[in-house]
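**Q** Sequence:
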Amino acid sequence: MVNQKAEEWFSRGYLQYEKGDFEGAIAFYKKAIGIQPDFYKVWYNWGEALYELGQYKEAIAAYDKGIEFKPDLYQAWYSRGNVLYRLRRLGEAIASFDKSLAIQPDYHEAWYNRGVALGKFGDFEDAIASFDKALAIQPDYHEAWYNRGVALGKLGRFEGAIASYDKALVIKPDYHEAWYNRGMALGKLGQFEGAIAAYDKAIELKIDKHEAWNNRGIALKNLGRFEDAIASYDRAIELKIDKHEAWINRGIALNSLERFEDAIASFDKALAIKPDYHEAWNNRGVALRQLGDLEGAIASFDKALVIKPDYQEAWHNRSMAISELSDR
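So the sequence shown is numbered by my numbering: it starts at 953 and just counts up by one.
For the record, the hints were derived by calculation from the structure and aren't laboratory data.
Even glycine gets a Cβ: it sits at the ideal position worked out from N, Cα and C.
Honestly, I wouldn't trust all of these hints.
Said to hold, decoys possible - Under the rule of at most 25 Å between Cα atoms (straight-line distance), these lysine-lysine pairs were calculated in the PhoX-like manner: (1) 1158 <-> 1124; (2) 1106 <-> 1072; (3) 1072 <-> 1022; (4) 1106 <-> 1119; (5) 1022 <-> 982; (6) 1009 <-> 983.
Said to hold, decoys possible - If you anchor each label on the Cβ, the simulated ranges turn out as follows: (7) 1192 <-> 1090: 53 to 63 Å; (8) 1056 <-> 1118: 23 to 33 Å; (9) 1275 <-> 1217: 54 to 64 Å; (10) 1247 <-> 1084: 15 to 25 Å; (11) 1276 <-> 1039: 54 to 64 Å; (12) 1106 <-> 1247: 15 to 25 Å.
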């Protein structure tokens, strides 16, 4: 039996919550709990307000109180899982989602968030199974289709990933993340023209997506369109000056155009940002060798090998440079 006054305080608190006044909501919830400590609905909503304020540990305590008074409060188990996920306590988050789903098996959001947590855990097969459960209940759940694609991609099942991204894009055509990930999957399959088209869609929807500009450049490079690739890398760098991947990729394209001094300048930029970037040291060595600076090349290969002693490409390049130096 709910105390009428406690219900009134709860209603006033919920009204404040709806207005975005989470602290005001909590003040009223405290009054309700002061009258009726076992009012589980208040504890749950108190947890929701604390969650919105970023007070995650306190939110868990509130959800736990709600569950103490009503163990089948599946919404509290679900919200508890979301907070634990935010705290990177993935195993506990999954256990909370499982509790919620044991009570309410058709709770598609819980299946989805369970899948996301499993994906973060690296358990991609189980993540896909959870997304499938969510989609069986809610077939137009574009986020579930997208994350299903991500999990399939992590397993190297790129055609399946593309099919999932396509499902997401039928539902939400302006989903730039799905276009971007579709491009990555196509690139993995060697379908570089298709990858570029997907990156172009991602960029059309989000012009400042530096990752798409960088990966677009990689696809162009793989087609031998080095000047166009450099232009894409330049856009990525313009958007994110410290994007070391774009600097090294720019250098590799410049190497392919035999613009070795410009390539070295790009590798140096990458290394200023990420000094332990062994690929940049190796490619810098390649450019120096092409310019005839064999001592400088060997020094660069040595740097790469200090960072990654089993880097076979750098060992090979180093031996070639040493051989050329001994022939002088």
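**Q** Now tell me, hint by hint, if it's right for this structure.
**A** Hint check:
1. 1158 <-> 1124: holds, 15 Å
2. 1106 <-> 1072: holds, 11 Å
3. 1072 <-> 1022: violated, 30 Å
4. 1106 <-> 1119: With Cα atoms ~18 Å apart, residue 1106 and residue 1119 stay inside 25 Å; holds.
5. 1022 <-> 982: At roughly 19 Å apart (the allowed maximum being 25 Å), residue 982 and residue 1022 satisfy the hint.
6. 1009 <-> 983: Measuring from Cα to Cα gives roughly 21 Å; hence the hint holds.
7. 1192 <-> 1090: 53 to 63 Å: violated, 35 Å
8. 1056 <-> 1118: 23 to 33 Å: holds, 30 Å
9. 1275 <-> 1217: 54 to 64 Å: violated, 27 Å
10. 1247 <-> 1084: 15 to 25 Å: About 58 Å separates the Cβ atoms of residue 1247 and residue 1084, which means 15 to 25 Å is violated.
11. 1276 <-> 1039: 54 to 64 Å: Holds: the Cβ-Cβ distance is about 56 Å, inside 54 to 64 Å.
12. 1106 <-> 1247: 15 to 25 Å: Violated, since residue 1106 and residue 1247 (Cβ atoms, about 43 Å apart) do not stay within the stated range.
The structure shown violates the earlier hints numbered 3, 7, 9, 10, 12.
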